[in-house]
Amino acid sequence: MKFIYYFIILIPSLTFGQNLLTGKVYEKNQNNTSIPIQSANIYWLNTNIGTITDSEGQFKIPYQKKHTKLVISYIGYKTDTLTINTPKYLRHELFSNNDLDAVSISTQKKSTQKSYLSATNILNISSDELLKAACCNLSESFETNPSIDVNFTDAVSGTRQIKLLGLTSPYILIATENIPSIRGASQAYGLSFIPGTWVESIQLTKGAGSVINGFESFSGQINVELQKPRANEKLFINAYASGAGRYELNTHINHNINPHWDTGFYIHGNLRSQEFDKNNDSFLDVPLAKQINILNRWQYTNAKKGLVSFMNLRYLNDEKQSGQIQFNPNTQTQLWQSDINTERIEFSGKLGYVNPEITYQTMGLQLSYSHHNQNSVFGLRDYNIIQNSIYSNLIYNTIISDTRHKIKTGITFTYDDYNELVETTKYSRTERSIGGFAEYHYDNLDNLNLTLGARIDTNNLLGTFITPRLHLRYTPWGKAAIKASVGRSKRSANIFAENQKYFASSRTLNILNSEGNIYGLDPEIAWNYGLSFLQGFQLFNRNADVAIDLYRTDFNNQVVVDAENPIELNFYNLNGQSYANSLQLELNFKPLKRIDVRVAYKYYDVKTQYQSGIQQAPLTPSQRFFSNIAYETVLKNNKQWKFDITLNWLNQQRLPNTNLSPLQFQKPNLTPTVTTLNAQITKVFSKNFEIYIGGENITNLKQNNPIINPDNAFGSNFDTTFVYGPIFGSMYYTGLRFKIK
Amino acid sequence: MKKIITLTFILFTTYAFSQNKNTKTTIEVDGVCFMCKHRIEKAAIKTKGVKTAVWNISTHKLELIYNQQKTDLKTIQSNIANSGHDTKLIKAKAENYNAIDPCCKYRDEQVVKNHEKN
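Protein chains in written order, with this note's numbering: chain A, 1 to 741; chain B, 1 to 118.
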């Protein structure tokens, strides 16, 4: 009888016992003792049956024979899936997941972000922003951004020049992954040598910027981060075709070799083979072009040892042809033509080390070598330049007392060797420079931070000099930032490489000084002062911000490029004053949830003392209005539409003086205003595939007669440098992107 | 290149050894969001002797490097508790906890859940 009684009790307890799996989840600390993990998630794979651990790390979960895969997870730890055959008591150790250090934020992030916290006035342009204007290379990447002014392509090179704070691109330090890259010989066309799809993000700093990358940044710094083999898609293909006969193809292949090594091949080709002369001036409206551009990157990552390294190898070959397609036999006996052939080989490497024990100590080494060879003909003028460059920078980061006080210090070595042939004159020079820098960064973790930096460089042609820079940010109240900066810069102007467009004219080139070290000229020196205010606020119940930027660049010496005499181009040292003042007002807001609106107004006062008097810089509009509207539909099943529209208005621009020309070749002092409208529609079909179509200059605005005296291209008044607006008229394009993760 | 790397390593290791008065440790601090992170790190770093403090939102772990001769874990934890955040050793007083922003109330399950959703 007793036996039956026992039996009745035993059976249910046995079944109960069989229906529960119990266990404990823990981690080991540094002393190797077990610490229970509370609130870890325990569940059977592909079921709704789950539980969490208690304060002792204990758990109980219903068990059935059909459940064999038990998942144990906890935020910050690696998720484990265990195979359970019998419901035995389980002890399981979780290991922390170090990859979680970077926490992702899922609030809608804007594609262009101004920083409220950084002391420098820095703007991050993500790849999302770059996709808004799909075509095609870095020179065209700034179309949706009011801070950078992009000029119109001249008829000869077909490339676009950019301006920041009213100054042309030679005054901007342009770096690829913090290695100065577009400088010297590549200044004129270098932006078109970086395909847009290679770009991961762009950091734009207004004002003098940090001293770490050198002393050459007058109006700002642009840093381009390229795609990383480790993060990028396994395969990416982008094809583009435009009604202007331009075809581009980009292929990225990334391969993960082992946990430490990744490699990527980025291959770009473009072709422009169709001849257009819509304005019947006998000159091509857009040049014919061919480019092959190959980049191979190697990335080494070892988190345990605290090492990251990149190695890049690049080869570029670019050909541009333009000029006349027919000639007037009464005035000419041959075609005026231009050929620009460029070959560039580049090797660069970076090594970063974070001390795993003392995480605030890091070290970085950057090395780069480049060989640049441009062979070109502009009508009867030859221009060849070969530049060999070596750049190395060693940076050491540490703290004083605690992480509120950071120090960066290091040494830079650069070597540049230039050999030029300008018509029949040879120029060659070698610049060697070695410098040390230190930058102190203070952050009170509340409302103030500042960056104070200085570098001392010794350059065989520029002498020994100090470059001081100061950046300050103060937050007086919520969601606001006041920033101030001041800094000095110095550089040697590569007068011919930077002003190549003047080769496509009949102007005689004259250098009016002879005592200086660089083409007889002195180095350029300027101070830049900046003040900016950023305020975030709520508009239509959504985040909005308004920014005011005020900058002034004041030249102590400048190599003045004087085109005020229509048959000459004169280079001389500044004698008097030269400055660039700029004001920018920018408003960003969201009138509706998925619509981003950006409106900007800019005012420029850029004046230089020319021989003929102080004047506003030519082809620099005194006012600009910019507006960009972006709309995205809800992402559903990875499908989405994106719309983007950009309106630009430029005030009248001053043209160089033509009073000395015969009457029929004279130009008015001021150009008409210029309004352009660009739009793009993207259809995302899936995670892997999207198509875009777009139009540039939709209102079909054209500058009539961009070339002066095209009928007599070898005559004394021929000039192609008076381009202030679009030559081609409206242009439509389409393209696709295909990617495999 | 190789020489520079070796040299760098040697430099670093010697530097690291010479700093043996510094100790590296990890403690658990309760909190939920970026504002908490800022408050926790600030409280820790403002403790004299603390070199660096990095708090991880998802793991609640605060990585510390501090000078043992100048401070100890108890002082650091009490400063963090005074800022309103519980540590393993010292819990924040009600007055300090009440002073933190509503979105940071890590003891409130609803607040924690709201952050998880995000």
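No wet-lab data here; the hints were simulated from the structure.
Treat the numbers as computed from the prediction; the structure is a model and nothing was measured.
Heads up, the beta-carbon is just placed ideally off N, CA and C, and yes, glycines get one too.
Be aware that one or more of the hints could be misleading.
Listed next, with one range per pair, are the computed distances between beta-carbon atoms [unchecked claim]:
no.	chain 1	residue 1	chain 2	residue 2	range
1	B	Lys-21	A	His-371	33 to 41 Å
2	B	Met-35	A	Trp-298	55 to 63 Å
3	A	Pro-259	B	His-38	45 to 53 Å
4	A	Leu-117	B	Ser-78	25 to 33 Å
5	B	Thr-26	A	Thr-430	51 to 59 Å
6	B	Asp-72	A	Pro-476	35 to 43 Å
7	A	Thr-398	B	Cys-103	31 to 39 Å
Report task. Could you check the structure against the hints above and give me the numbers of any it violates, in ascending order? Result -> As far as the earlier hints go, 1, 2, 3 are violated by this structure, in ascending order.
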